[in-house]
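Asker: Protein chains in written order, with our numbering: chain R, 1210 to 1672; chain Y, 405 to 884.
Since the hints were made in silico from the structure, they are not lab data.
All values reported here derive from a predicted model rather than from experimental measurement.
Fair warning: there could be bad hints in the mix.
Have a look at the derived ranges for each label pair, beta carbon to beta carbon [unchecked claim]:
| no. | chain 1 | residue 1 | chain 2 | residue 2 | range |
| --- | --- | --- | --- | --- | --- |
| 1 | R | P1320 | Y | W515 | 49 to 57 angstroms |
| 2 | R | A1573 | Y | G745 | 15 to 23 angstroms |
| 3 | R | D1287 | Y | D616 | 51 to 59 angstroms |
| 4 | Y | P635 | R | E1523 | 49 to 57 angstroms |
| 5 | Y | D533 | R | E1291 | 56 to 64 angstroms |
| 6 | Y | R633 | R | E1523 | 52 to 60 angstroms |
| 7 | R | V1410 | Y | G501 | 28 to 36 angstroms |
| 8 | Y | G588 | R | A1524 | 43 to 51 angstroms |
| 9 | R | A1327 | Y | D533 | 52 to 60 angstroms |
| 10 | Y | D409 | R | A1334 | 30 to 38 angstroms |
| 11 | R | A1327 | Y | P510 | 12 to 20 angstroms |
| 12 | R | G1348 | Y | G501 | 20 to 28 angstroms |
| 13 | R | E1523 | Y | E567 | 50 to 58 angstroms |
According to the in silico footprint, chain Y covers these stretches of chain R (three or more CB under 8 angstroms from chain Y) [what the hints assert, rightly or not]:
| no. | segment |
| --- | --- |
| 14 | 1244-1254 |
| 15 | 1327-1336 |
| 16 | 1426-1435 |
| 17 | 1638-1644 |
Every residue gets a Cβ at the ideal spot worked out from N, C-alpha and C, and that includes glycine.
For reference, the chains in residue letters:
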Amino acid sequence: MSDQTELELAARVLELARASAGPSADVDVSVNRVALALTRFANSYIHQNVADTTTEVQLRIHSEGRTASASSTLAGADALGEMVERTVAVAKASPVDPGWPGLIGPTPVLPSHDIDEAIVDASPADRASRVRDYIEAVGDLTAAGYFRTRYRSSAYANSAGQAVSGACTEAALDAIAKTASLSDGVARQASRRIADIDCAVHGARAAAKARAWDGAVEIEPGAYEVVLEPTAVADVLYCLGNFGFNGKLVNEHQSFLEFGSRQMDGSVTLVDDGVSAFASGLPFDTEGTPRRRLVLVENGVSRDAAYDRRSAAEAGVAGNGYAEAENAAFGMSPGNIRLEPPAGPAPTEVDGPVSNSSVLELVARVGRGLLVTDHFYTRCLDPRRVLMTGLTRNGTWLIEDGEIVRPVKNMRFTQSYSESLGPGNVLGIGSDAIALPYNYGTNSATAPGLHLAAWNFTGGASG
Amino acid sequence: MTHFDAADAAVEAALAAGATYADARVMHRRYESMSARNGDVEDLTQRESAGIGVRALVGGSWGFFGVPDLDDALARRAGARAAEIAAASATVPNRRGGQGLIPSEPEVGSWASECRIDPLSVPLSEKGDLLTSATAEMRKQGADIAVGSYDIWDTRKWFVSSEGHRIDQHVRECGGAITSTVIGDGETQVRSYPSRRGQFGTRGWELVEETDLGAHAARIAEEARALTRAPQCPAGETTVIIGGEQLALQIHESVGHAIELDRILGWEAAYAGTSWLDLSRLGSLRFGSELMNIVIDPTYPGALGSFGWDDEGTRAHKRDAVRNGVWTGVLAGRESAAVAGLDYGGSVRADGWARLPMVRMTNVGLEPGPHTLEEMIAATDDGIYMDMNRSWSIDDRRLNFQFGCQIAYEIKNGKLGRMLKNPTYTGIGPRFWASMDMLSSDIVAWGTPNCGKGQPGQTGHTGHPSAPARFTNVRVGVRG
């Protein structure tokens, strides 16, 4: 098995399944090999340091109107044969599946990005070294977080003739620095190249935020003008992706999206692009559908959503590359969503709580409002408005007349994310978008800072 | 070679590579799920995963490596890799000294969960008919989106440690749910049965049969439709009776996570968060009212967080977490207990062979109170009864929470009144629990199959014995 490429393995399982299910069956196979290593630290030492290499084979068979899906991490010949026979039997016993969308035929995909061999070859000592850089940079503060490397190599093959393969690499840092009085600051970045992530720079930035947040006071809740740091904007993008641009929810009228309508401010253009220079995605999904740059919102006008083949067929459109086997029930979301920043100068490091000069420019335009570093535990009250509740985290400050005047304690908000970006509500977008990691899978968001007219804070730290 | 042989080989290799302690856990899990929508099956998936995860201690630091193969050579390689990773950890060590483990008897034994009807052996046609008929009925009764689903996990584990543990376990878990969604004017309204995600336990298919999904399909569809016409839950401060399903999640979020020792020690500070609880006040800190008795009990028969031993070989045992409102216990592992100076573990589990065991909830829940739901309603002049979770959010110290429920009813002069939509309540954990003045004796052990924690992310299965309870001076009706 180890000498076999993912595409060869997919072809072998496809051949087995076709032989068993018969020539009239639709069969597709997806093979994913992931080498994940994550070095986690807390209280300024490495406390959890893990790695695993997993190859998973996913098989779908549609025969005589019935469908079955299976997957296995057991890639030996006997185990694969058993999986095939079991899936054929399950397909025969399954209820009728009237929504089967069929398979994609031979269709070219974009080439994968160059693989960063430094990620593929990263050793435990390499990761520990980067963690040490971060911890040393936070100085006398306490450090916690992780440094992660991931290499994914995947292939897809089906009985309609599609056969594609690709690979991607990702390195990520997500970490905080904490003062003795428990104020903290965060630094976060994902990249296709390990060399892009300077852990010492991030450590210094997180420490500056943590020190600047010390002595926070409680303020009255209410509607405030806000500047969201990219780390908070990423949450807005994830939630809009999950509940707004989810093709299945669009089909079910649970999404706010109305294609062709100006639903967001004219300054907002949202794209999903897993194969851009920012992201580390594959050029196809688990149904073999090619992925390309997908424009979700163009200058405020809603344009598109994420579909697998089933939800696309329901909508009467073509699948656009968002199938993920584990998301079938909830629906498909954009995995690498990006808020396009306006052109501007390259950002520079600045002193104090603001992450860089592009965000500082947004702060300078605020009359009275809040600078919010991060969101925490955001959950949906109603998908129709992407109505979310959550809390601020890792540093919040009061801004008056363009200046940061004092740190404030965490606050709870209850806010419609789609309405927060509505026409007239976006007062500025930072010129620097950075890629931010996601805890699950290979998703990421690429976000600049964001200046919004109003954000509804519904409670203070004390309730 | 047997699975124990593979685990033995991995442990031997880790020790040979310099580890002073090692353990290995072979896991083989089969999973099946089906979902139906509007009368048709939408998805049927079966997954199988097997492999070995090895944990090694070198110089007071830990390493973990997982591989999806079980032959001798690969198991040995996994053991050596775990030791190599631990050695790298030791280059950024704990300045206060290495982390050991509290002593443990080398347990040897077997355990299996209760299971009368093997859920994987129930014919797919029968399971499909259950979901398609229930969703068709919901659709007929007015649901715009009618969804039904079940999940089944069948997990076998073989655990070996360098201290002599040798344990095998077979855990079967399942559960199911139906949900009706109605699209209103710029809103959605949702009703689920028996809970938001379903009732889950370490039991066989008999649990799903007892749930009787089909019998509740029409009712929840009608309720979801009625909610679109119902008035909004008013905003303000009032007396709230919270149903058992919702209170189970309240226990999970504001008690269960708060008493996790790894959070208290700061090990989750960058992600899941810490805890408002201060170890120096264990045994004296008031968490809630005298009615509040919370027990950690992985021996609870059939509950979703039950097991024979945890994933580092500690035998399941019952322990108080809160007694008469005073905080008395934590969820701990052998490693975190050693750091905290405590003498018990028993709450460490991993989501699969490829993930590191970490402190997780088992069954964390209430002991019964002296009242009934009817008595609580009758004793309330002016308040709101709400149940069935719709949204949940809590801060990184597990203090400031806001929950949304699917449905509520006003209470006037001791009687239930109008249906109310979009009910939410918010508060601060210990203040909220201190206001609990009535508690039902009608305990149900609700299962939560989706507890996220850790990096890489892990999904845990937890149980929460819970019952309806009354709380005073609660802020309700927060809307954006």
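Asker: Next, verify each hint and record whether it holds.
Answerer: Results of checking the hints against the structure:
For the pair P1320 (chain R) and W515 (chain Y), the supplied restraint of 49 to 57 angstroms holds, since their beta-carbon distance comes to about 51 angstroms. Between A1573 (chain R) and G745 (chain Y) the CB atoms are about 50 angstroms apart, so this pair departs from the stated range of 15 to 23 angstroms. In this structure, D1287 (chain R) and D616 (chain Y) break the distance hint of 51 to 59 angstroms, their C-beta atoms being roughly 41 angstroms apart. Restraint check, P635 (chain Y) to E1523 (chain R): a C-beta distance of roughly 34 angstroms breaks the suggested window 49 to 57 angstroms.
The hinted range of 56 to 64 angstroms is not satisfied by D533 (chain Y) and E1291 (chain R), whose Cβ atoms lie roughly 27 angstroms apart. Between R633 (chain Y) and E1523 (chain R) the C-beta distance comes to about 28 angstroms, which lies outside the given range of 52 to 60 angstroms. In this structure the hint that V1410 (chain R) and G501 (chain Y) lie 28 to 36 angstroms apart at CB holds, the actual value being about 31 angstroms. Restraint check, G588 (chain Y) to A1524 (chain R): a C-beta distance of roughly 22 angstroms breaks the suggested window 43 to 51 angstroms.
For A1327 (chain R) paired with D533 (chain Y), a C-beta distance near 54 angstroms keeps the hint of 52 to 60 angstroms intact. Checked against the given bound of 30 to 38 angstroms, the beta carbons of D409 (chain Y) and A1334 (chain R), roughly 31 angstroms apart, stay inside it. One distance hint, 12 to 20 angstroms for the beta-carbon pair A1327 (chain R) and P510 (chain Y), is violated here, with the actual separation near 43 angstroms. Between G1348 (chain R) and G501 (chain Y) the Cβ separation comes to about 22 angstroms, which falls inside the hinted range of 20 to 28 angstroms.
With their beta carbons about 56 angstroms apart, E1523 (chain R) and E567 (chain Y) fall inside the hinted range of 50 to 58 angstroms. Only residues whose beta carbon comes within less than 8 angstroms of a beta carbon in chain Y count, and the segment 1244-1254 of chain R has 9; three or more means the coverage holds. Requiring three or more residues with a Cβ within less than 8 angstroms of a Cβ of chain Y, the coverage given for the segment 1327-1336 of chain R holds, as 4 such residues are present. Here the segment 1426-1435 of chain R counts 0 residues with a CB under 8 angstroms from a CB of chain Y, which misses the bar of 3, and the coverage is violated.
Coverage of a stretch by a chain is defined here by at least three residues with a beta carbon nearer than 8 angstroms to that chain's beta carbons; for the segment 1638-1644 of chain R and chain Y the count is 0, and the condition is violated.
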